[in-house]
Amino acid sequence: GNSVTQMEGPVTLSEEAFLTINCTYTATGYPSLFWYVQYPGEGLQLLLKATKADDKGSNKGFEATYRKETTSFHLEKGSVQVSDSAVYFCALRRGGNKLTFGTGTQLKVEL
Amino acid sequence: DTAVSQTPKYLVTQMGNDKSIKCEQNLGHDTMYWYKQDSKKFLKIMFSYNNKELIINETVPNRFSPKSPDKAHLNLHINSLELGDSAVYFCASSQDATAVAFFGQGTRLTVV
Numbered sequence: 001g002n003s004v005t006q007m008e009g010p011v012t013l014s015e016e017a018f019l020t021i022n023c024t025y026t027a028t029g030y031p032s033l034f035w036y037v038q039y040p041g042e043g044l045q046l047l048l049k050a051t052k053a054d055d056k057g058s059n060k061g062f063e064a065t066y067r068k069e070t071t072s073f074h075l076e077k078g079s080v081q082v083s084d085s086a087v088y089f090c091a092l093r094r095g096g097n098k099l100t101f102g103t104g105t106q107l108k109v110e111l
Numbered sequence: 112d113t114a115v116s117q118t119p120k121y122l123v124t125q126m127g128n129d130k131s132i133k134c135e136q137n138l139g140h141d142t143m144y145w146y147k148q149d150s151k152k153f154l155k156i157m158f159s160y161n162n163k164e165l166i167i168n169e170t171v172p173n174r175f176s177p178k179s180p181d182k183a184h185l186n187l188h189i190n191s192l193e194l195g196d197s198a199v200y201f202c203a204s205s206q207d208a209t210a211v212a213f214f215g216q217g218t219r220l221t222v223v
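These protein sequences, in sequence, are chains Y and H. Heads up, the first sequence is in this note's numbering, so the first residue is 1 and it goes up one at a time. Heads up, the second sequence is in this note's numbering, so the first residue is 112 and it goes up one at a time.
So that you can see chain Y by itself, here it is in the shape it has in the complex (with noise of 0.2 Å):
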């Protein structure tokens, strides 16, 4: 079946830290991906999706390449911020309408 794995947290960066948190994925044929982001006591928002290989998704300064070749779909951003803290959920979609998440990485940015 398809799954979703991420690195498990809680990932502590200071404030301006490059942030990388990677997800990798296990699916027939071509799932489309996505990062999702809960912000302390709300609902899921979609944060960025890639459709196929070599997509990029990019939003508020956080980027995801679709990588076929290693079935990954790591979630980077250049600088974060205080506001940046979150739980982030890898996802897929793959046939169907469910999404299947990965557990969740908690990040902490600390000034």
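Just so you know, these hints were derived from the structure itself, not from any lab. Certain hints may be false.
[Stated by the list, open to error] For lysine-lysine, the following BS3-like pairs were computed, each having C-alpha atoms within a straight-line distance of at most 25 Å:
1. Y:Lys49 x H:Lys155
2. H:Lys151 x Y:Lys108
3. H:Lys147 x Y:Lys49
4. H:Lys147 x Y:Lys108
5. H:Lys133 x H:Lys178
6. H:Lys133 x Y:Lys108
7. Y:Lys56 x Y:Lys77
8. Y:Lys60 x H:Lys130
Following the hints, complete the assembly by docking chain H onto the known chain Y.
Only chain H this time, still in chain Y's reference frame:
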């Protein structure tokens, strides 16, 4: 102007009770979902409806019964609540099976 709205936001109830969570979307989407987020933040789909028809029913106890009175609403009714039902329940919707899903703010259910 909330796109996907759930009520209530918080729900505390005793074991054995029956409760409902309501969800409404004003996006004109055809597909709606319920997801459960456990205490470790793990998210898993429970149900999916497309145009009021059940499409996905993951291995969820029969005590959970979704009801879709129309395309814009998908309510979740839970009978005989158990301690293990404590979680955050998220409603979501998407235009169709391949479109991006928009999530509500979640309902934190605590069973005591």
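Now the hints, each set against the structure:
With a C-alpha separation of about 19 Å, the suggested pair Y:Lys49 and H:Lys155 falls inside the 25 Å cut-off, and the hint holds. For the hint linking H:Lys151 to Y:Lys108, the alpha-carbon distance of about 16 Å falls within 25 Å, and the restraint holds. Under the criterion of a C-alpha separation no larger than 25 Å, the hint pairing H:Lys147 with Y:Lys49 is consistent with the structure, at around 22 Å. Among the hinted pairs, H:Lys147 with Y:Lys108 is consistent with the structure: their alpha-carbon atoms are about 24 Å apart, no more than 25 Å.
About 10 Å separates the Cα atoms of H:Lys133 and H:Lys178, which keeps this hinted pair within 25 Å; it holds. For a cut-off of 25 Å, the pair hint linking H:Lys133 to Y:Lys108 is broken: about 32 Å separates their Cα positions. Among the hinted pairs, Y:Lys56 with Y:Lys77 is consistent with the structure: their alpha-carbon atoms are about 13 Å apart, no more than 25 Å. Distance hint between Y:Lys60 and H:Lys130 is unfulfilled; the C-alpha atoms sit about 39 Å from each other, more than 25 Å.
Comparing the model with each numbered hint stated earlier shows that hints 6, 8 do not hold.
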